[in-house]
Amino acid sequence: MYTFSSKLKTFAFVLMALGLVGIVFGFLTAPKTIEDVEKILADSHHGGHHTEAVAHESHDEHAATAAHHEEAKTETVVADSLKTENDTVAAAAPVAADHHDNHKVEAAHGHDHADAHAEHQEHLEHVLHQLQNKPWAALYVACIFFMLISVGVLAFYAIQWAAQAGWSPVLFRVMEGITSYLLPGSIIFFILLVASGMHLNHLFVWMDPEVVKHDELIQGKQGFLNVPFFLIRAAIFLAGWNLYRYFSRKNSLAQDNANDDAFYKKNFKLAAGFLVFFIVTESIASWDWIMSVDPHWYSTLFGWYVFASFFVSGITTIAFVTLYLKSKGYLEHVNTSHIHDLAKFMFGISIFWTYLWFSQFMLMWYSNIPEEVTYFITRIENYKLPFFGMLALNFVFPVLILVNTEFKRLSWVVVMAGLLILTGHYIDFFNMIMPATVGDQWFIGVSEIGSLMFFFGLFIFVVFTALTKAPLLAKRNPLIEESKHFHY
Amino acid sequence: MSNKVIHVLYNDDDILMDAVRQTRAAHHHIEEIYTPFPVHGLDKAMGLAPTRIAITSFLYGLVGLSVATAMMNYIMIQDWPQDIGGKPSFSYIQNMPAFVPVMFEMTVFFAAHLMVITFYMRSKLWPFKEAENPDVRTTDDHFLMEVAVHGDEDQMVAFFEKTGAVEVKVIDKH
Numbered sequence: 001m002y003t004f005s006s007k008l009k010t011f012a013f014v015l016m017a018l019g020l021v022g023i024v025f026g027f028l029t030a031p032k033t034i035e036d037v038e039k040i041l042a043d044s045h046h047g048g049h050h051t052e053a054v055a056h057e058s059h060d061e062h063a064a065t066a067a068h069h070e071e072a073k074t075e076t077v078v079a080d081s082l083k084t085e086n087d088t089v090a091a092a093a094p095v096a097a098d099h100h101d102n103h104k105v106e107a108a109h110g111h112d113h114a115d116a117h118a119e120h121q122e123h124l125e126h127v128l129h130q131l132q133n134k135p136w137a138a139l140y141v142a143c144i145f146f147m148l149i150s151v152g153v154l155a156f157y158a159i160q161w162a163a164q165a166g167w168s169p170v171l172f173r174v175m176e177g178i179t180s181y182l183l184p185g186s187i188i189f190f191i192l193l194v195a196s197g198m199h200l201n202h203l204f205v206w207m208d209p210e211v212v213k214h215d216e217l218i219q220g221k222q223g224f225l226n227v228p229f230f231l232i233r234a235a236i237f238l239a240g241w242n243l244y245r246y247f248s249r250k251n252s253l254a255q256d257n258a259n260d261d262a263f264y265k266k267n268f269k270l271a272a273g274f275l276v277f278f279i280v281t282e283s284i285a286s287w288d289w290i291m292s293v294d295p296h297w298y299s300t301l302f303g304w305y306v307f308a309s310f311f312v313s314g315i316t317t318i319a320f321v322t323l324y325l326k327s328k329g330y331l332e333h334v335n336t337s338h339i340h341d342l343a344k345f346m347f348g349i350s351i352f353w354t355y356l357w358f359s360q361f362m363l364m365w366y367s368n369i370p371e372e373v374t375y376f377i378t379r380i381e382n383y384k385l386p387f388f389g390m391l392a393l394n395f396v397f398p399v400l401i402l403v404n405t406e407f408k409r410l411s412w413v414v415v416m417a418g419l420l421i422l423t424g425h426y427i428d429f430f431n432m433i434m435p436a437t438v439g440d441q442w443f444i445g446v447s448e449i450g451s452l453m454f455f456f457g458l459f460i461f462v463v464f465t466a467l468t469k470a471p472l473l474a475k476r477n478p479l480i481e482e483s484k485h486f487h488y
Numbered sequence: 001m002s003n004k005v006i007h008v009l010y011n012d013d014d015i016l017m018d019a020v021r022q023t024r025a026a027h028h029h030i031e032e033i034y035t036p037f038p039v040h041g042l043d044k045a046m047g048l049a050p051t052r053i054a055i056t057s058f059l060y061g062l063v064g065l066s067v068a069t070a071m072m073n074y075i076m077i078q079d080w081p082q083d084i085g086g087k088p089s090f091s092y093i094q095n096m097p098a099f100v101p102v103m104f105e106m107t108v109f110f111a112a113h114l115m116v117i118t119f120y121m122r123s124k125l126w127p128f129k130e131a132e133n134p135d136v137r138t139t140d141d142h143f144l145m146e147v148a149v150h151g152d153e154d155q156m157v158a159f160f161e162k163t164g165a166v167e168v169k170v171i172d173k174h
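Going down the list, the protein sequences come from chains R and H. Each residue of the first sequence is one higher than the last, beginning at 1 in full-length UniProt numbering. Each residue of the second sequence is one higher than the last, beginning at 1 in full-length UniProt numbering.
Only chain R is shown next, with the shape it has when bound in the complex (with noise of 0.2 Å):
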């Protein structure tokens, strides 16, 4: 039996304790009014130390503006202007009824003085909403980012399970310790949709009536994106999850103690069911809580792409644990194989997001039709360190890395790789939700590490304390014997 360590326990409950003062502050320091967002600015543009985004927008605009007052001045001033409307309007023009990106538009088109001060007041209430937001999308990265890595390795798990694989066993209850996560984790996922739901935050512009009304692209899709159904789809999703889990966890503690393989039949089954469901749900999961934050935007891989993301860092996590219980001598019969497999894994899923993410993007590049590729635009030039910089963490590290069959047995290097792995794909979170709900306003402070601290501790603290409630060998599994001998 594992006894948790009250070094890793009181490690666990610092990192909450320190995340929640992290994620408090970010909410008390949010913005509340557009005077504060105006002090803000004004403070950012003659303080000096500027922030990079907010000057860049603000000088965009002015370009545009002042680009319509001097007209046909000269040659290159037209040109010039021409050039920064067509930008603007075909950055904006997609997500033009939208209130995020409404000014835009009107910036590029506003003549007088008077606009100009309602252009002025709509930025800033512009900048408000996205402030705003940035404590709760940094709450919902964190909080679905490490919901999401129990799921992935559910899924693993169940694909162990299905595929009958002889290497595995002894890693299941390690595997079913990550999974624990996934009912607390779930649990405060749903009420943060609630409380988008409820129109606390403005994480997900179609939830706002204000914005609907002057949207028809998003009144199109009132049928699908409407907060009841999108709150219904996410119980059932989740509960489906959570019970295969909690079946599945049950089964195979059964199994142990058991005369026969009745237990060992029926969690075969019953995880053939799961990736059916899982599959579907997966994919409709991913529209609803990631790819609809840009309601204007759709991209048809995009479960996929999610789903490699984090059954990637699924896949990683049981690396970490394993690694981590091994170290501390409680998997005897765990060996540098079931490792190397383990690595194999994070190397082959890692090229797999990569084929994914590059299908998405390359197709979007390549055919640069408008509606689809302001997704990208909005990151290359607001993000372009995090964009690109994922593409080093996720990709080319981890093949570099994990290509060399020894190194996949080295117990360091494997860590090494995953820590870049799962920065990564946190990363990858980061960039799927930020650009829509803050916008140019992104920034990686106190919020955004924060929620990560909080939720890693929160992690730590459940996993391991399930991994204390069954002996982290099955027993009586049929396969059990050929995974102890595991050999490469």
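These are computed hints drawn from the structure, not numbers from a lab. Just to be clear, a hint being listed does not mean it is correct.
Simulated crosslink set (DSS-like; lysine-lysine; CA at most 30 Å straight-line) [to be verified]:
no., chain 1, residue 1, chain 2, residue 2
1, R, K326, R, K344
2, R, K475, R, K344
3, R, K326, H, K44
4, R, K484, H, K44
5, R, K384, H, K87
6, H, K44, H, K162
7, R, K344, H, K44
Bear in mind that the values here come from a model prediction, so they are computed numbers and not experimental data.
Go by the hints and put chain H onto chain R.
Leaving out everything else, chain H in the frame of chain R:
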């Protein structure tokens, strides 16, 4: 100096593996082993050095990537940077997504084919190559271990007969 070798034949891969271990423990030099199919762990039991073909493959892949990049950079960007459907041909990086499929395929192509050719050359395999099969049964159901003779020939034959061999022959290799 005579070039005598002993051909020891087995009809089971487990017996062969045991025999290899005994032979190595008795410090007889195994010249070669002929099997009808890959025997898992035989190379380790024989103490053969690990293959480096994966390393060559990685390097060939890098060559392929370089060839693809240099080729497309020259053709599409340097030599004749046309505007084809609005694609930005001002610099390689600007149009890179369009080149990635070719870069990928060339990497795989070079890595795979050059590795295969390396394998053929290192294992001396080519069409019309004369087969080096000491006993036709080794392609069907027999395993043959060839051991160099030094010292007492009779003693060695006796040793190999005890390892579960179905047949032990002393051959004069020219």
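Verification of the supplied hints:
1. K326/R <-> K344/R: holds, 19 Å
2. K475/R <-> K344/R: holds, 26 Å
3. K326/R <-> K44/H: holds, 27 Å
4. K484/R <-> K44/H: holds, 22 Å
5. K384/R <-> K87/H: holds, 21 Å
6. K44/H <-> K162/H: holds, 23 Å
7. K344/R <-> K44/H: Between K344/R and K44/H the Cα gap is close to 22 Å, so the pair holds against 30 Å.
The structure agrees with every numbered hint stated previously.
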